[in-house]
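Enquirer: Sequence:
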Amino acid sequence: MTNKMKKNKRNRLLFLRLIFVGTCMFAQETPHQDTIPHTTQELEIDEYTIANDSLEKIDQQWLQNLYKKAEVDSVFPMFAKEETLDFSLEELATDTLKYRLERLNEKTPFYIEYNKELERIIKSYLKYRKRYYPAMMARADYYFPFFEEQLANYNIPLEMKYLAIIESALRPRAKSPVGATGMWQFMYHTGKLYNLKVSSYVDERQDPLKSTKAACQYLSKLHDIFDDWDLALAAYNSGPGNVSKAIRRSGNRTNYWNIRPFLPKETSDYLPAFYATMYIFEYAKEHGIQKETPRIRHFEVDSVQVKQMISFKQVSDMVGTEVELLEFLNPAYKLNIVPYVQGRNYKLALPVKDALAFASKEQEIYAYVDAQDKKREKPLPKYFEMSQRIRYKVQSGDYLGAIGEKFGVYVRDIKRWNNLSSNNLKVGQRLTIFPKKINYTISEPKKQNVAKVQIPKQGPKREHTIVEGDNLWDIAKKYKVTVTAIRSWNNLWTNNNLKLGKKLVIYKMLDK
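For what it's worth, this note's numbering labels the leading residue of the sequence shown as 290, then goes sequentially.
Please keep in mind that the hints were generated in silico from the structure rather than gathered at the bench. None of the values given here were measured: they were computed from a predicted structure. Be aware that a few hints might be false.
Pairs of lysine to aspartate or glutamate, EDC-like flavour, derived with a Cα cap of 20 Å [as the list claims (entries may be wrong)]:
(1) K419 <-> E406
(2) K499 <-> D591
(3) K636 <-> E589
(4) K412 <-> E402
(5) K499 <-> E438
(6) K682 <-> D702
(7) K412 <-> D384
(8) K416 <-> E575
(9) K419 <-> E380
(10) K396 <-> E571
(11) K663 <-> E651
(12) K792 <-> D763
(13) K419 <-> D558
(14) K396 <-> D516
Model the full assembly from the supplied sequences, consistent with the hints where possible.
Expert: Structure, rendered in structure tokens:
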């Protein structure tokens, strides 16, 4: 065995170990009973064979947890089975198709060869799905330059850009029924392996640039295993285990069309759909398909780094960019909000003219955001800063005024925090307090019968009529006297009850 073959063998082994460990991790979340042990098992690999027992387990877990069906039939309306069998199409003769496929094959490392199955799919797409391509081609006009740059960086055939059409029809926010997300349809944990972060505000699987880089890394790994781009594509759909098993069952054949009968049904249709899409895009003019006018092109877009949280609506209000266009340019922001997080540089993509407008009146924009934030309803203290909340147990002799003085808060706030309709308290009752201060030295005597302290009746005499919500503490603060003085002047020594309409005598206390 040559050094190159040994290196390829080691690469395949390491990658399949990674896949196997990943499926073990996913097995914790699946409801299926047939799960694999949560340990890494040695996989014996030659050029195209994996130990049968381990391979079966990889395939099973892949299908249960990682498999994501091609999005083509969820993007396009399904057509009847009998229609797919009718591939007569006057505008495309078989000889013409053969010639064009040969020309395509000459300029790509994919093995594009004519066969009746591929002809059937191409003609079916042209007959029943033709009207959907102009809009997709307009989206491709924006996204393909990003794709081609990254594909070139990873030495991947540029035609691989058509894979994103098969996966998502170039919709960054596309989601499959099993949770695969984005144009390249990454599952959560697979995306995490390739550093695609997901938070409440951001899903980088929906970021066109970052998800494309991750897809390139994954496709490169698959190519390292099979040394063939057709097989790498098949493995992208159903996993390397299924492709390796199909190779073994076919007698170690390595041409996709030779192993196709041994692949899962969905994967057997996957590569022909890819070829058909490539053909239609490359020969769109010949079939009278004209792309829609792109709403915006990639070179007409710039980005600004945000300095505080801002919503698409606020951006639209200040610079005039339509929210719908902001969603198209910034699909990774799940809630149409660009967050601001220390250590993260979140950027907002805008048309060039709007990016210049944003930069020129940045302070004004953030002032507007602040003003909008101030208009929002604020959380009540009992739902906010819960770590500052204390629970106070009412003791003998306590009353709301004294408790309020102890913690530096108003009686009305204590009543609001605890839904109290009166000033009455019971010994042992628990009160929720959000203290501004804690003063353990100030408190009334903790006796049911307060000691009688006589306060001289000096200065001008006034009367205060008790109204709803009144308490001795607030009345004392209003007239700049003490609670003890009011008790003395009105003989209030037995309890804290204040009857509505009762008149209290208040004297102005003279300075000593």
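Enquirer: Work down the list of hints and note, for each, if the structure agrees.
Expert: Hint check results:
Taken as a hint, the K419 and E406 pair is honoured in the structure, with Cα atoms around 19 Å apart against an allowance of 20 Å. A distance of roughly 17 Å separates the Cα atoms of K499 and D591; the hinted pair therefore holds under the 20 Å criterion. As the CA atoms of K636 and E589 are separated by approximately 16 Å, the hinted pair is consistent with the 20 Å bound. For a cut-off of 20 Å, the pair hint linking K412 to E402 stands: about 15 Å separates their Cα positions.
Simply put, K499 and E438 have alpha-carbon atoms about 12 Å apart, close enough for the 20 Å limit, and the pair holds. Pair hint K682 plus D702 holds up; C-alpha atoms about 17 Å apart against a cutoff of 20 Å. For a cut-off of 20 Å, the pair hint linking K412 to D384 stands: about 13 Å separates their Cα positions. About 14 Å separates the Cα atoms of K416 and E575, which keeps this hinted pair within 20 Å; it holds.
Distance restraint check for K419 and E380: the Cα-Cα separation of roughly 13 Å lies within the 20 Å cut-off, and the hinted pair is therefore satisfied. This hinted pair checks out: K396 and E571 have alpha carbons roughly 12 Å apart, not beyond 20 Å. With a C-alpha separation of about 19 Å, the suggested pair K663 and E651 falls inside the 20 Å cut-off, and the hint holds. Distance hint between K792 and D763 is fulfilled; the C-alpha atoms sit about 15 Å from each other, no more than 20 Å.
Of the pairs offered as hints, the one joining K419 and D558 holds, with about 19 Å between alpha carbons and a cut-off of 20 Å not exceeded. Restraint check for K396 and D516: satisfied, since their Cα atoms lie roughly 18 Å apart, inside the 20 Å limit.
When the structure is compared with the earlier hints, no violation turns up for any of them.
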